[in-house]
Structures are given as C-alpha cells and as structure tokens.
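Chain B: place on chain A using the hints.
Protein chains: 2
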Amino acid sequence: MRAGVVVTGTEVLTGVIADRNGPWLSERLRGLGFDVAHVMVVGDRPADIRAALDFLAAEGMALVVTSGGLGPTADDLTTEVVAQFAGRAMVLDEALEGRIWEILQRLRRRSRQLDEAALRAANRKQAIVPEGAAVLEPVGTAPGVVVEPASGGGPVVVVLPGPPRELQPMWEAALATPPLRALLAGAGTYEQRMVRMFGIPESELARSLEELAAAGVSFEGLELTTCLRRGEIEIATLLQHAAEPAYEAFVAALRERHGEILYSPDGSTVDEQVAALLSAAGATIATGESCTGGLLAARLTDRAGSSAYVAGGVVAYANAAKTALLDVDPALIEAHGAVSAEVAAAMATGAARRLGASVGVGITGIAGPGGGTPEKPVGTVCVDATTDGRHLGRTVLLPGDREMIRERTTTVALHLVRRLLQGEAD
Amino acid sequence: MRAGVVVTGTEVLTGVIADRNGPWLSERLRGLGFDVAHVMVVGDRPADIRAALDFLAAEGMALVVTSGGLGPTADDLTTEVVAQFAGRAMVLDEALEGRIWEILQRLRRRSRQLDEAALRAANRKQAIVPEGAAVLEPVGTAPGVVVEPASGGGPVVVVLPGPPRELQPMWEAALATPPLRALLAGAGTYEQRMVRMFGIPESELARSLEELAAAGVSFEGLELTTCLRRGEIEIATLLQHAAEPAYEAFVAALRERHGEILYSPDGSTVDEQVAALLSAAGATIATGESCTGGLLAARLTDRAGSSAYVAGGVVAYANAAKTALLDVDPALIEAHGAVSAEVAAAMATGAARRLGASVGVGITGIAGPGGGTPEKPVGTVCVDATTDGRHLGRTVLLPGDREMIRERTTTVALHLVRRLLQGEAD
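Chains A and B supply the protein sequences, listed in that same order.
If you read the first sequence in this note's numbering, its first letter stands for residue 1, the second for the next number, and so on.
If you read the second sequence in this note's numbering, its first letter stands for residue 1, the second for the next number, and so on.
Same shape as in the complex, but just chain A (with noise of 0.2 Å):
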C-alpha cells in the first residue's frame, strides 16, 4: 500500500526553515509497512495544496499525511482544502469549540495580548472540521482530523498540525482512529531494524553485500537501504514477522565477516554505548580539543542526565592554552607539532588529569581550509584517549570540508573511547 505526505507552508517551502515533519512521517510510514512515494512540499496557496492532493490520489495512495496550515488566520486553510477533496462539508463541532476554548483560557491567562474577540474568532475557525471527520484533539490550541472519502474511492487523509511537537502525538492519536486501524489492518506489519558499521568505505560493503549473496546468504524479505551518517554506515532493513531468521542469518554472517566494525548490531549509537559503557564503570570523562572546538564535549553533554560522567573539558585552540590548561610539555609539540599523536596523547592525559576524570581523549587536527602542509595535509586529525595509563590513539585522514571533518572527528573520538572502555589499548 501506498502512501504520501503533504508538507504545508510557504516557510518550508521557501527554504526559511527546514522541514523535519516529511522524514519523521516518512520514517513511521515506513515502519507500519506502508510504501512512502512521494513527499511533496507546498505554500500556503488552496490551489497547490489541492493539486498535490489530486496527484497523490492519481498515483494510487492508500493514505496521505498533511503537516501544517491549522492555526486561527485566514490563510491557513488545510482542513478546507482537505474537506473539498474528499467531498465533505465544513461543519461545526460545538463540543470541540468549547475545548478549545478552554485551553486559550489558559493560555490567556499566560499572555496579556491576547484579545477576547480576536480569540473567539480563532476559536470557532478551529472548531470548524469535515462533516464525519474524527478529530484528533490538540496538543497546541489547532485539531487534526482524520478524513475519508465521502463516496468511492481516494485515500483516507490525516491532517496534522505543523509544529514538530504537536504533530507527533497527535499522529499517534491518528493510528487509534477507526479509518487507520481498518487502513492498518491490511497494511502487514512491518518492523525496521538496524545495524550500524564503523570502518568500511560504503564500496567494500556493497561488494560485501554481493559475496554474501553469492555465497547463498538469502534477502529474502529483507528491504535493505544503506547511507552515511557522521561517517558510519547505517543499514536499515525492512521486515515482517516471518523473516525473522533470514534477518538473523544475516546480521551473524556479516559479522563473521567484518567483526567489530558491524559495531552495533542492535542499532545503538556509538553516543548510546560510551554513555553506557561510561555509567556501567562508574567513569567520568574530560575532553581537549583543539580543531573540534568543543564540538565533542557538546556532543557528549547533548544526553540528559550527562552530568553523571561528563566532567567537563578544555578547548585549546593556541599552543598556550595546550600548556597552560592540558600541561602539555612546549617541546613536545616543539619536537612533534601541535598536530601530532604524541600531542593529542598528551591533550588526553592532561584533561583527565586537570578535570579529575577517569577517562581523557585529546584532538588535535587542521579542520581547513587553511593550515594543510604536504606532510599533514588538511583533514588530518590525531585522536587519543587514555584511562589508567592505557591509551588508544588514531591518526586519521578526514575527507570533506571544514563542517565534515570537525563532525566525523568526534565521531572517530567516541569510537576510541568505546573501544578502550571495551578493553583494548595501543
């Protein structure tokens, strides 16, 4: 069964923000078995949002999903256009306009500037839903509605609000409706999984993923799609109940293969298992950066509850804050470079050592676009990190530019830490 998303909102559209409802809907669709084909972004304007409508319809979807246009102004119109479409009047639902009205009393009571007419316009222009819609109940003061077809064929349609926040729940709330459950019914149920690499150009697996094939590993029912992220490779994979044991087969014969670079079999991060790794030991950590910036101990202060075993850290962007704030010897970055394993081993000691942690990682590097020599071009970025004496240090070549190279160093640095919490050491 087929399916398809409607963005709405000219500040999507025009680039101004970035829509993240498309891919959180489209990743949903996916895991209920649906097959997402078309994600379309469109203004405010009633004629577009109904063209993109009628297409969807034309190609044969099963559903649709709309983000955005359900607010109290005149130009959000989603629901109407919705309701035209699927050959429904607009009606008023009083009940449903006394909710509402409840919960600007309480925003009102918040905010001064909010006038009582403009408020019961607003009101009652929200209240206003397709005649034998079901209403999704707010989360912010906009319903959703879920709408059928009033005659013949079409798909059913799910009108959700636009804010991120909103529309997750009340798409949940969606899937409990009378429309969805008969649509889901018959939809199979799929689940998606993941596995996640470290270490392997994306070439070397497609050849992998060819050899294991030949060799008589089976796919069948197994809907694989492979991408980049943060320079891992994930691989998702699309399943039902009953391919269960092919999907097993495999994951255990692709790990035969690469070993510990198929990291995370069970589709944890490498963010999730430092964090666990770093809880189960008691540990606490420190960080000295240099052409991070900070960016690792940002990306390790993003979880909640980090506190816990994040000590803090040193960015040592010049050579004097190196010594200064990570006591790192001035000739040994004489001797080696300020880019340089010994250097970064040194940054590890050092910020385990001044912040009172058990575990230090240090980075140095030349993020670019400047600073490349023949020897050490741009992208070049030494990692260590170190516990009880123990290091385990990295001299990578990052390809990309400046952005690329800073993200992916961090995600070289936690995937040092794993390992030496894992045991190994140089």
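To be clear, the hints were calculated from the coordinates, so they are not data collected in a lab.
From a predicted model like this one, the values you see are computed outputs, not experimental measurements.
Keep in mind that the hints are not guaranteed to be accurate.
Claimed, not checked - Chain A residues, not near chain B, derived (Cβ > 10 Å throughout):
hint, residue
1, A37
2, E94
3, R99
4, L119
5, P149
6, G152
7, T177
8, S218
9, E220
10, G231
11, G293
12, L295
13, A320
14, L325
15, L332
16, R419
Said to hold, decoys possible - Quick list of simulated restraints, FRET-style, between CB atoms:
hint, chain 1, residue 1, chain 2, residue 2, range
17, A, A214, B, A320, 28 to 34 Å
18, B, R120, A, R229, 29 to 35 Å
19, A, A118, B, G259, 41 to 47 Å
20, A, E211, B, A280, 34 to 40 Å
Cβ coordinates follow ideal geometry from the N, Cα and C atoms, glycine included.
Same frame as chain A, but now just chain B:
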C-alpha cells in the same frame, strides 16, 4: 514564473537522511524571482520520478530542478527519465567520457580498491546524456545537464547530483547556460534582503508591522516572510529594483520603532558581527561553559580562520572543574548557587585569564530535563561577557527542550559579546 524541485533518493524519501537540497534550491530560485510552487521528494523508481515531472509540467512550471540519481549504478536513472520526459534520445558524449575518465584516474591513484572494468562501465554510463543538452562539468564524477523540451511546451529541466557540495557549484554553472539565461531574462530581477532582530517575540513584531501599515508605511512591492531561527527573528524580503525606496523606508521605520533590537539591518548574522568585532579590535575570546557543554566554543570555531581570535575555552560541568580550571571561588558557588549571575561572571573572568584572552564569556544554567527548582526552573541561564574589567550579564528564562535551550543560550551569549564589544556594560 513558477518553478518546482524534484529531490530523488530513497534514503531521503524514507527519512534516513535529511534533504538539504530542496530548501537550498528553493531559496536560490526564489531569489531569482521564481515562484517556487512545489518541492517533491521521490524515491529512485523511474515511474515515480516521471510522475513528479509530469505533475510539475501540468501545474505550469517553467523550470524544474532535480537533485540526485546521477551515480554510476543501475538504479541511478534520473537523467534517463528526464530525457524521456523531454522527448530526447540518450547519446554518448565521447569528449565528456574522456574528461570523466581523467577524474576517475585521479581518484584511482588515491584508492587501490577500484578495478578497471567497473570504472570503465561507470565512466561510460555517466557520459551518456540527453541529445542537445547543455552539460554541466562534474564537481565529483557525475555531470549534470540542462534539458529543454524537444518540441512544444514544457519546463526546462536542470539535472544536478545529490551531494550538496557538488550540487551547489553546479547550480551556479547551470545559471550560465543558454536555456537558463533565456528563462531568467523573462523572470525579472528580484533580490532577497534580510534583517535580523533579537529580543522581541514574533507576535509583537506582527503587531508592529500592522501598526506601521496603519501609520502609512508602504509595503507595496515587498514580499515579507518572517521566521524564528535560533531564538532570533529573521525578516526576509523579496523585492524588485523599483521597490528599493519602499524597502529602505520600511527598514528605517522598523529601526526607529525597535532600535537596537533590529541589530542587523544588512542581514549579517551575530556570528559574523562578533567575528568582525573581535578581529577589528585585535581581541581574543575565551569561553567558560557549563550547561552548553562546549556548544558556544564549537559555534565560535565553526568559522574558518577563527583561530585568529578564539583562544579556547573550558567546559566546566562539575563545580570542582569551575574552581580548578576557572578559579571560581567555592564560597561564591556556596553563597549564590552554581547557576547564578555571580558564578557566570566569575567563569567569564576566569576563562579570559586562564586562556590569556582579552574577552571572556561565562555560561551557567539548567538545560534540563532534570535539575530545575521552583526558583530556578529548567531554562534558567546566566550568561556574562567581560573585557577590561567591564561586565555585561543577563539571566534569562528560555523556553523549549534541552537542545533548544542549549542552542538559544549560545545566541544570547553571542549578543552579549556583540554589545560588550560595541561599548555597552552593566
């Protein structure tokens, strides 16, 4: 004139990776005066790509831009589908084959994994282009094409590769091709201008715009879009040359009304302004961060050349680290709490002193989800900027989740630094 974008790629469609090309192309097209009506994301299936092209043609687009599907493998079919759509045969361009071969030879010298036969096949496939198309030289290995309909009506189609670092320069090259020059001559010359504001809610700006209109300020010929980004408001305006005086008058009126809140009448970002102010003053900056965990340092150093004015920073999550690395007096933390204006000021001073910088920034706050109290709820953040013994500090209560709070805090901090360097102090 209307334009549409078709983004191809199963990974993008399924939400595994986020599309960056749709918004980027949309913004460029809009800046050239096109009315971008639809951005469509489709998978790699030829029938779905063709359906999208047919839909955009039926909707009256004068120009369609595609991204992705130009690789060497069998499922990279965008160029072929576009050729069929435009009624053109696919022909081998031997000169192009030779030029791509040279690129592949260079790549092969860097990697021993590629075998000759596979390379030759890939080379030939990528050199087969629609008859009569303008070829866009590859930035990676895949050439793009600009294709006009073989006869009669239909849009001009620009076919670009998926990786943004290839697509973006090749789009610039496409603009210089005869078919696009002819189209652009008809599109009128629009320009996009931007002003940025910090410290005003969107609802208040909306009221201001209404009141300016009521007071006789003309918006004739100006197409305004406002949006919230990273805690700031951006007002993007599309205008033709004749509306220049109206635009100037509008910005002047807005500035008169909101003064310093409209901090960027020329669209420059606060990041750019801080970098310019630091460079002009020959100053260096150091950061002392708690809840942002290195994000401010990472944001300051994501600019190329930032090593000239960024000394470094300290991420001091633990109180002990605030004392050991930033010289924050434990008694100060005891008296006022770790999240306090006093501690933020001490962190700013300590960061500048320890890193030998002339400007220091201190950040301490509660990013959540845990750690909030009735007096200091989640979102409470104290920021301080200092230079030459002068301080500028603010305690703010930021909305949103952990990620939003951390990101907005870096915006608050950059504005404090900007104002400090412009001479303000508490």
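Structure-based check of each hint:
1. A37: The assertion about A37 (chain A) is violated, with a minimum of 5 Å to chain B.
2. E94: holds (28 Å)
3. R99: Correct as stated: the minimum Cβ-Cβ distance to chain B is 23 Å, above 10 Å.
4. L119: Check passes; 13 Å lies beyond 10 Å.
5. P149: Since the minimum Cβ distance to chain B is about 20 Å, P149 (chain A) lies beyond 10 Å and the statement holds.
6. G152: Correct as stated: the minimum Cβ-Cβ distance to chain B is 22 Å, above 10 Å.
7. T177: Correct as stated: the minimum Cβ-Cβ distance to chain B is 23 Å, above 10 Å.
8. S218: holds (21 Å)
9. E220: Its Cβ never comes within 10 Å of chain B, the nearest being 20 Å, so this holds.
10. G231: holds (13 Å)
11. G293: violated (3 Å)
12. L295: Violated, since 4 Å does not exceed 10 Å.
13. A320: violated (6 Å)
14. L325: violated (6 Å)
15. L332: holds (18 Å)
16. R419: Fine: 23 Å to the nearest Cβ keeps R419 (chain A) off the interface.
17. A:A214 - B:A320: 28 to 34 Å: Cβ of A214 (chain A) to Cβ of A320 (chain B): about 58 Å, so the range 28 to 34 Å is violated.
18. B:R120 - A:R229: 29 to 35 Å: Because 31 Å falls inside the window, the suggested range holds.
19. A:A118 - B:G259: 41 to 47 Å: With a Cβ separation near 28 Å, A118 (chain A) and G259 (chain B) fall outside 41 to 47 Å, so the hint is violated.
20. A:E211 - B:A280: 34 to 40 Å: violated (60 Å)
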